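Chains as they are written, first to last, in my numbering: chain L, 476 to 923; chain U, 476 to 923.
Note that these hints are calculated values from the structure, not bench results.
Check the hints yourself; a few may be wrong.
Which copy is meant is left open, so a pair is good if it fits within one copy or across any two.
Straight-line C-alpha distance at most 30 Å; calculated DSSO-like pairs for lysine-lysine [stated by the list, open to error]:
| # | residue 1 | residue 2 |
| --- | --- | --- |
| 1 | Lys634 | Lys848 |
| 2 | Lys869 | Lys788 |
| 3 | Lys477 | Lys853 |
| 4 | Lys642 | Lys848 |
| 5 | Lys477 | Lys515 |
Predicted model, so just to flag it, every value in this text is computed and none were measured.
Listed below are the residues making up each chain.
Protein chains: 2
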Amino acid sequence: MKVTKFGGSSLANGTQLKKVLAIIKSDPERRFIVVSAPGKSHPLDIKVTDLLIDYANAFLAKQETTAIEATIISRFQAMCDELDLTLSMTTIKTEIYSLKKTPLVSSDRVMDLFKSSGENCHARLIAEFLTKNGVPATYVHPKDAGILVEDIPGDTVIKREAYHTIKHLKHHKDVVVIPGFFGVTSNDSICTFSRGGSDVTGSIIAAGINANLYENFTDVDAIYSANPNIIDNCAPITELTFREMRELSYAGFSVLHDEALIPAFHQNIPVVIKNTNNPDAPGTRISASRPLDTQSVIGIAADSGFTSIFLRKYLMNREFGFGFRILEILKEFGLQYEHMPSGIDDITIILRQNQLTPTSEQQLRDKLLTDLKLDEIKIEHDISMVAIVGEGMKNSIGVAAKATTALANEGINLEVINQGASELSILFAIREPYEEQATRALYQVFFD
Amino acid sequence: MKVTKFGGSSLANGTQLKKVLAIIKSDPERRFIVVSAPGKSHPLDIKVTDLLIDYANAFLAKQETTAIEATIISRFQAMCDELDLTLSMTTIKTEIYSLKKTPLVSSDRVMDLFKSSGENCHARLIAEFLTKNGVPATYVHPKDAGILVEDIPGDTVIKREAYHTIKHLKHHKDVVVIPGFFGVTSNDSICTFSRGGSDVTGSIIAAGINANLYENFTDVDAIYSANPNIIDNCAPITELTFREMRELSYAGFSVLHDEALIPAFHQNIPVVIKNTNNPDAPGTRISASRPLDTQSVIGIAADSGFTSIFLRKYLMNREFGFGFRILEILKEFGLQYEHMPSGIDDITIILRQNQLTPTSEQQLRDKLLTDLKLDEIKIEHDISMVAIVGEGMKNSIGVAAKATTALANEGINLEVINQGASELSILFAIREPYEEQATRALYQVFFD
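All chains should be built: construct the whole structure from the sequences, respecting the hints.
Following this line, the structure appears as structure tokens:
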């Protein structure tokens with residue numbers, strides 16, 4: 476059994492839905508379909524979810540909503556017309572119109588309810604479409620599917636016990652069509668996952684029914700070994716481990732919702748990223764392990780917008796609990812750090828720049844300087860982190876040499892070098908302007 | 476004005492004392508002499524401090540002490556005979572004998588008092604010796620010198636206010652001879668610094684009188700750019716910064732007592748390491764800065780006996796305060812860590828192996844695993860840390876490349892790589908058996 480999730484662009488219009496039909500028909504194992512709301516059907520189009528957010532905001536502001544309702548309905552109507560569907564449109568209209576009758580309890584509850592109806596309506600439409608075209612399909616609401624979630628509007632998480640109910644979905648004879656993106660709380664409120672959360676629903680269903688594959692259909696052929704916007708005809712990655720996928724979670728690898736991998740990872744269900752517009756492309760398979768006969772480095776990821784905070788104190792490494800006190804202060808400032816490489820008497824804290832304002836940065840600087848009685852503190856902005864990643868690195872000597880030589884040849888200074896005992900990745904902190912150059916240089920030595 | 480400290484081997488017998496006399500005579504700036512207790516005058520000899528520890532233990536155990544007293548006295552007597560000194564011997568005998576009349580208040584007080592008399596007696600003897608040989612000298616007890624310390628027997632530290640008194644030493648006409656290793660508390664108890672603490676006394680005096688140089692005479696020509704026991708005719712380091720000295724503080728660079736540099740560092744007084752047996756050798760000068768026209772790497776240090784604790788948890792880097800909780804647990808176990816390099820979802824903790832017993836290690840493993848809900852924990856023993864150090868690294872690109880290539884060519888796997896933003900050192904964790912090979916390989920690329 477496979478759980479097959481289709482993203483918004485794969486479901487944006489009738490033409491796309493026909494591709495989806497063909498994909499589902501081509502493999503009888505595809506019995507659990509998780510759908511997003513309709514995405515952009517052309518570059519200037521607006522995603523239905525965004526329209527619903529406007530609708531919700533207008534409603535909350537007690538403004539006129541007729542126009543926006545019409546726009547939303549027209550998106551579904553256009554597909555029904557193109558695909559000659561008659562039944563679901565009535566239900567969809569009723570749902571969209573009835574939204575504005577929602578009691579104004581709390582604005583984020585209202586927002587979640589509105590947002591969720593994009594997926595919900597589309598699931599109904601798609602179930603009808605499949606049935607009408609020789610694939611008997613049943614729409615199943617997340618409540619009936621058993622997607623029981625915590626009461627955290629806009630950013631909910633699944634409850635452990637949910638899986639006991641979800642596994643019963645197996646017994647459905649028909650193909651099951653489940654709206655992604657949201658679940659239902661123990662007191663029947665709708666709560667959505669964070670944006671892009673249909674990926675999460677798919678993964679939850681896959682874990683719940685213990686599928687042998689979770690297929691995630693999107694609009695790219697694969698995950699690439701580097702940022703394809705930087706590297707021309709960048710090599711696709713055919714196989715990847717969950718750990719590698721995580722290490723590559725920097726910019727350029729945001730194909731999948733981060734949290735979407737958790738249920739699949741814990742249940743050890745392979746995930747495959749495929750392209751609705753090119754379903755014959757092998758895509759990228761993400762699983763617990765992969766053959767390591769291939770090269771040591773599988774991907775190069777880079778991300779900018781980091782700040783490095785350098786602390787020096789004479790005899791620091793003799794002071795018990797020094798690192799602890801640093802992290803106490805970071806915690807006090809609500810700061811999350813990424814890395815903390817150290818010398819004997821110095822520590823560098825790498826964190827996301829957007830966590831600091833000039834004011835809070837000044838306060839942090841003063842706090843660290845005085846509380847820790849530092850000899851020196853230096854804060855540098857506009858740092859990029861570049862990571863080379865691969866399970867194979869552990870078994871091959873000289874990867875660091877190859878990488879640092881490539882960067883040295885480009886005259887790129889390494890502010891920080893960081894490799895943990897996993898030997899799964901080596902991270903380099905460099906100045907932002909060199910990020911693309913570094914990516915190209917590393918790509919060349921490891922992939923060309 | 477220079478403060479000149481002589482170590483135990485430089486003062487082990489009459490022959491050595493004659494060298495010391497020549498050194499003091501050769502430079503009228505050498506007006507503040509800090510002395511250790513007599514060290515080994517031949518390989519099988521016993522240091523006077525060790526004899527005094529035996530004496531103290533016998534006294535505390537209420538055992539017979541006549542023999543050990545005689546042995547101690549004979550060491551001083553031999554020098555007095557050789558150097559034809561008459562005055563101080565009486566005082567020395569009285570002091571050694573009177574030790575056993577110490578009230579048995581607390582054993583560590585007794586221990587400190589006994590230990591301190593090695594330096595104390597020797598200072599008296601040396602003052603007489605200098606005076607008798609044309610260098611008018613006065614013995615000054617640490618109490619009179621103003622070395623006011625905290626009441627921490629065996630591991631005391633100087634009190635801030637002490638420096639106000641110490642500076643008055645300047646006004647002495649004669650050369651001042653001060654016993655190293657101990658100070659006096661506000662209620663007149665003797666407290667010693669940790670072993671080797673005469674270096675600390677010298678540094679304190681240098682800071683107190685604001686000397687323009689702190690000379691530390693020992694039995695090596697210089698600090699070497701790598702462990703001379705591993706590298707044949709290893710290049711000596713002529714100039715070194717305080718920061719570099721600290722980064723090199725791993726094995727093979729333990730020429731100077733770690734804490735000895737603090738007062739000099741804070742008062743910015745240059746320190747020079749010189750050889751009593753070869754005073755014309757330039758030695759090694761340690762100061763705040765040095766000309767960087769020389770090579771990027773100034774030294775290679777290595778130390779064994781580390782353990783690496785590798786932790787992995789899926790989505791670790793999204794968990795706020797994760798590193799903090801790790802350090803909380805280390806703190807709870809009273810563990811001091813050296814480094815903590817990290818990937819996206821993993822952290823490696825490098826710490827000294829001797830802090831853990833098989834039992835405490837198992838407890839730590841369980842605690843980390845359960846409290847942090849880790850996916851994986853791996854503890855590896857017998858790790859060596861190898862560091863390449865140099866202020867010049869910051870301004871020269873490709874040092875990491877050179878080092879990692881050298882290690883790769885030797886087929887040495889890098890368990891961990893760690894370079895902070897100081898770019899003052901790069902640390903590599905490798906398996907212990909490769910330590911010497913790694914040192915040689917790095918020495919070859921950076922020094923041959």
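(request) Please flag the earlier hints that this structure goes against, numbers listed from lowest up. (result) Hint 3 is the one this structure does not satisfy, whereas the remaining hints hold.
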